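Read off the chains here:
There are 2 protein chains.
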Amino acid sequence: MNAIVLCSGGLDSTVLLHEVSRSHSVLAGLSFDYGSKHNARELPFAAAHCRALGIRHETVELGFMDRLFSSTLLRSGGAVPDGYYTEETMKATVVPFRNGILLSVAAGFAESVGAEAVMIGAHAGDHVIYPDCREPFMEAMAGALKLGTDAGVDLLRPFIAVDKSGIVQRGAEMGVDFSQTWSCYKGGERHCGACGTCVERREAFFLSGVDDPTEYESTGPLPGRPGA
Amino acid sequence: MNAIVLCSGGLDSTVLLHEVSRSHSVLAGLSFDYGSKHNARELPFAAAHCRALGIRHETVELGFMDRLFSSTLLRSGGAVPDGYYTEETMKATVVPFRNGILLSVAAGFAESVGAEAVMIGAHAGDHVIYPDCREPFMEAMAGALKLGTDAGVDLLRPFIAVDKSGIVQRGAEMGVDFSQTWSCYKGGERHCGACGTCVERREAFFLSGVDDPTEYESTGPLPGRPGA
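So the protein lines, in turn, are chains A and B.
According to the working numbering, the residues represented by the first sequence are 13 to 240, in order.
According to the working numbering, the residues represented by the second sequence are 13 to 240, in order.
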């Protein structure tokens, strides 16, 4: 199958890129610069993995999101909160309809280059509080891609039944260099180790039993999950 | 209702902007510069109508479409064909999944500024050969917007049962200055009068009985419709 893989340079999509490239023809890895605080940290990793795999890499500029949208994830937004995600802190990091925008752009690009599918590293641990990560949204969006393209582009989510620690395990089995991936939303020199996405990254390595090569600013004990 | 109106500076969306602004609160008119040959001609009209109505106007830059997508509508594409749309000539002007991309961006912007609905000037004459103009796509996309936003943004198409000559009539009743709208895909100094969208514009004025103030390069007889 000819596919476009959305790759941010994060952990999930990097493992996806490696896995899909083994069994399918990846016509391109597609990244997005939408003005997040961590785009500058993660995108070079996306480019490097594509280069190493001999895959075309394209970065799409979506600078209008930083200018017009509201989110602490964006450079124009306030500080990214620390600790496990809670309803309140997560809402602050939502970039409205981001997945809808990224998948739409990917669908148009897929149709332009003759790809039959768009693949995204959505997984079982994705947060139901983000409306554009929920199953009903993904199903509606898959229908829109299929019906709105001449070729009937498919939206595929190979990791939808895998949690983040399972993704780490699969990556380790393929020899993915996790030090060449980026998660931290703060986008500093090193991973902060304390924001919601750093906490999940650290936990995924801990649960998978795979050595975590990441250099964190803070390696304090993982906080208890809310409500656990 | 608080709404975002997609306005290109074309005939349909300009009439929509005027009509919606009479009965709803239009938080912004949203235009897109995606590298089409006629963006430079139409977008100043979109801005001018918003300004005249006291409505915020934003132009979203989507330059990647011209760089990565294939279409004769784009500056990077070949010549725009003349005459009534046929299956073959229309396919050449398709910008893959364009409506999906524009509606997704509008949904994220609507959520960011507290708008409850995105309105688009889709109408009864829209071409079923464009996959992203067909009813099943629009319904799936409406579901994606509703489900993928926290506020449940609605996709509304007030002109979906109105044809283009009906839109001209409604605009004339509101006193819309049609000389301040742009249709021609070729994007020259004046409307060419011969490309598919010029032919439809001329026909809409003819059928509606409204004077056409447009200056065309060519005002030859309207060609017969294919199959008519």
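Wrong hints could be hidden among the right ones.
FRET-style restraints, in silico, Cβ to Cβ [said to hold, decoys possible]: (1) 136(A) / 103(B): 55 to 61 angstroms; (2) 151(A) / 14(B): 50 to 56 angstroms; (3) 175(B) / 126(A): 31 to 37 angstroms; (4) 185(A) / 75(B): 38 to 44 angstroms; (5) 163(A) / 218(B): 32 to 38 angstroms; (6) 219(A) / 71(B): 25 to 31 angstroms; (7) 94(A) / 200(B): 22 to 28 angstroms.
Honestly, the hints are just simulated from the structure, not real lab data.
Just so we're clear, the structure is a prediction, and the values are computed from it rather than from any experiment.
Where is the CB? At the ideal position from N, CA and C, for every residue including glycine.
Going through the hints against the structure:
The hinted window of 55 to 61 angstroms between residue 136(A) and residue 103(B) is violated, with their beta carbons roughly 40 angstroms apart. Restraint check, residue 151(A) to residue 14(B): a C-beta distance of roughly 28 angstroms breaks the suggested window 50 to 56 angstroms. Evaluation of the 31 to 37 angstroms hint for residue 175(B) and residue 126(A) yields a pass: the beta carbon distance comes to about 35 angstroms. Between residue 185(A) and residue 75(B) the C-beta distance comes to about 40 angstroms, which sits within the given range of 38 to 44 angstroms.
At about 37 angstroms, the beta-carbon gap between residue 163(A) and residue 218(B) stays in the expected band of 32 to 38 angstroms. In this structure the supplied range 25 to 31 angstroms is violated for residue 219(A) paired with residue 71(B), their Cβ-Cβ distance being about 46 angstroms. Take residue 94(A) and residue 200(B): their Cβ atoms lie about 56 angstroms apart, and the range 22 to 28 angstroms is violated.
Taken one by one, the earlier hints fail for this structure at numbers 1, 2, 6 and 7, listed in ascending order.
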